[in-house]
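Colleague: Below, each chain spelled out in residue letters.
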Amino acid sequence: MTLAIVLLFAAALFGIGLYGAMSQQSFVMLMMGLELMLNGALLATVGFWSLALDGAPEAQLLAIIVMAVMAVEMAVGFALVVAVYRARQADMTESIGTMKE
Amino acid sequence: MGGAVTLAAVILLGLFAVWSGCRVFVVDSMVRASFSLMLSFFCTGGIALVLHADYLGAATVFMMAVEMMVMAIFMIMFMMNPAGLNPMVMVHQNRLSIAAGAAAFALLAGAVLLSDLPDRPVDPARDTTANLGTELLGPSMLIFETAGVTLLAAMVGAVVLSSHRGRFGDTDAGACPPGLTEGGPPAGRRPEEGGGHGHGGGNG
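In order, the protein sequences belong to chains A and B.
Per this note's numbering, numbering of the first sequence is gapless, rising by one per residue and ending at 101.
Per this note's numbering, numbering of the second sequence is gapless, rising by one per residue and ending at 305.
Next comes chain B alone, as it looks inside the complex (with noise of 0.2 angstroms):
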């Protein structure tokens, strides 16, 4: 009985994180396009939870939903079309990647289905998480170390990456702007070229 409930929940929420996993390239919001995703990733930590992952289950629906948010600010930010108005189809080359996509499921599937799959399931009643703390802490802490430092790397290279950037950094790093009066305080933000009050500024 409780295999088979397993299955049906298993069954229902990966149709559904499919189903969501779809509607991210279909619909025609952006914003929508990352909710979307975001559901999708919940169903696959509603699986994880189902097969008794209780930790990553719980951490992949509460990184998600950080991610996802974060994400829609991008998409706010950068992209055409946020509100969803407006038919969205930004697409290149279609065809080949449809033809890739069905190859990679169907070369997938295939093997999952030719493969001879193990069937060892884990025991319920076993302390999962604390398994896991177990191995984070003992056998496998430089690995659990390593990709500590490999975020922080990460972090260090997208503040890098996104700042102003030069040989020796941006050139007007550190300057400020010489006042309107000789000694007065500094102008503040250069204007724009052509910008409205930029005009009378070279006069005097």
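Isolated chain A (complex conformation) (with noise of 0.2 angstroms):
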């Protein structure tokens, strides 16, 4: 039951943020949207471990390394729209419709 219920508020969050990346124009906002996707995928994470495995510390582990991804993504992110931004003063996604040099 608990389970479930997390599961769907996850799923939600996974909803909402796939709406928001592929939605916003803006690049920021759009890495909120992949956020809000991981944010759903770390809840499921932690619902799983919580709820349906007994306690595993692999699955803790998982959201740990779900962490990872959220920070690596952040990183690599905002150094792509600074880098994007030098080459083309570009801060839209319509303002890099061709991808050439």
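In short, the hints are calculated from the structure, not lab data.
Even glycine gets a Cβ: it sits at the ideal position worked out from N, Cα and C.
Among the clues, some could well be false.
[Unchecked claim] Taking beta-carbon pairs under 7 angstroms as the criterion, some of the chain B residues facing chain A (in silico):
hint, residue
1, A109
2, V111
3, D129
4, L150
5, H153
6, L157
7, F175
8, S198
9, S216
These two chains come separately, so use the hints to put the complex back together.
Modeller: Structure follows, in structure tokens:
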């Protein structure tokens, strides 16, 4: 029961994040959508660990990996935003319609 | 009784997490959006605490507090309308995105509701943090170390991507502008094209 509810919330967070990642024009808002999707993944992992796996420590490790993915996404994502802005003066996805040099 | 309290806390925190997640794409200010995202993460951390994942809950809260501060700084640096004084709608393919988000939610929710979920809750008396530490430094050490190396690679990649770049570095890397007088100290930053102080520079 509790697990189903947790997973439903995780699914809702993932759906909102997917909407944001697909709809937002600004790079930073797009990354916030990605973060929300990862938030849903984290919630689902914690729910499974706590309620379905008898507290197997490997699931906690998976949650830590999800957090590491978040950190990597933030660092590389913002570096890409800075690089694109340097090259194109662009902060919107529409501004880089072509990927040529 | 304990189970009911846990369930109520999970539902409340989950509802707040979803609500603040929605707020991210509704509010007019990007700083407010990043704080909404932070609230959503805090709720996830709260759920983790309620579900006995002490370390994960605390780590989520601390990590997201810092991460969203960084995000807010980038918001202010890069984006229009950080203060939220004007309406802000910057979306494309809105309907497709709403449909995709709703479809993803429906698919996942259907999978959750239709599958036979196991029910093996963690023993509350179990020392989960110690378990995690033993796992990290024991059987799963290679995975843990790989995550560390991945973070290091991400740091190096971020520095490389965000610095001025070229085939062998920037053309003026290590260069120092000439002095205003012969043999004098460097003139500092080169003036911008057409900048106010730049006009007289070439006359001498």
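Colleague: Against chain A, is H153 of chain B within 7 angstroms by beta-carbon distance?
Modeller: Check passed: Cβ of H153 of chain B comes within 6 angstroms of chain A, closer than 7 angstroms.
Colleague: Measuring from the C-beta of A109 of chain B to each C-beta in chain A, is the shortest one below 7 angstroms?
Modeller: 10 angstroms, violated
Colleague: How about S198 of chain B: closest beta carbon in chain A under 7 angstroms, or not?
Modeller: Nearest chain A Cβ about 4 angstroms off; hint holds.
Colleague: Given L150 of chain B as an interface hint, is its Cβ closer than 7 angstroms to any Cβ of chain A?
Modeller: Nearest chain A Cβ about 10 angstroms off; hint violated.
Colleague: So, as I understand it, the hint says D129 of chain B touches chain A; can you test that by seeing if any CB pair is closer than 7 angstroms?
Modeller: 12 angstroms, violated
Colleague: Interface hint check: S216 of chain B, Cβ to nearest Cβ on chain A, cutoff 7 angstroms. Holds or violated?
Modeller: 9 angstroms, violated
Colleague: Mind checking the CB of V111 of chain B against every CB in chain A and telling me if the closest is under 7 angstroms?
Modeller: Holds - the Cβ of V111 of chain B comes within 7 angstroms of chain A, reaching about 6 angstroms at its closest.
Colleague: Taking the closest Cβ pair, is F175 of chain B under 7 angstroms from chain A?
Modeller: At 6 angstroms from the nearest chain A Cβ, F175 of chain B passes the 7 angstroms test, so the hint holds.
Colleague: Taking the least C-beta to C-beta distance, is L157 of chain B closer than 7 angstroms to chain A?
Modeller: OK, holds: L157 of chain B within 7 angstroms of chain A, min 5 angstroms.
In this structure, the earlier hints numbered 1, 3, 4 and 9 are contradicted, and the remaining ones agree with it.
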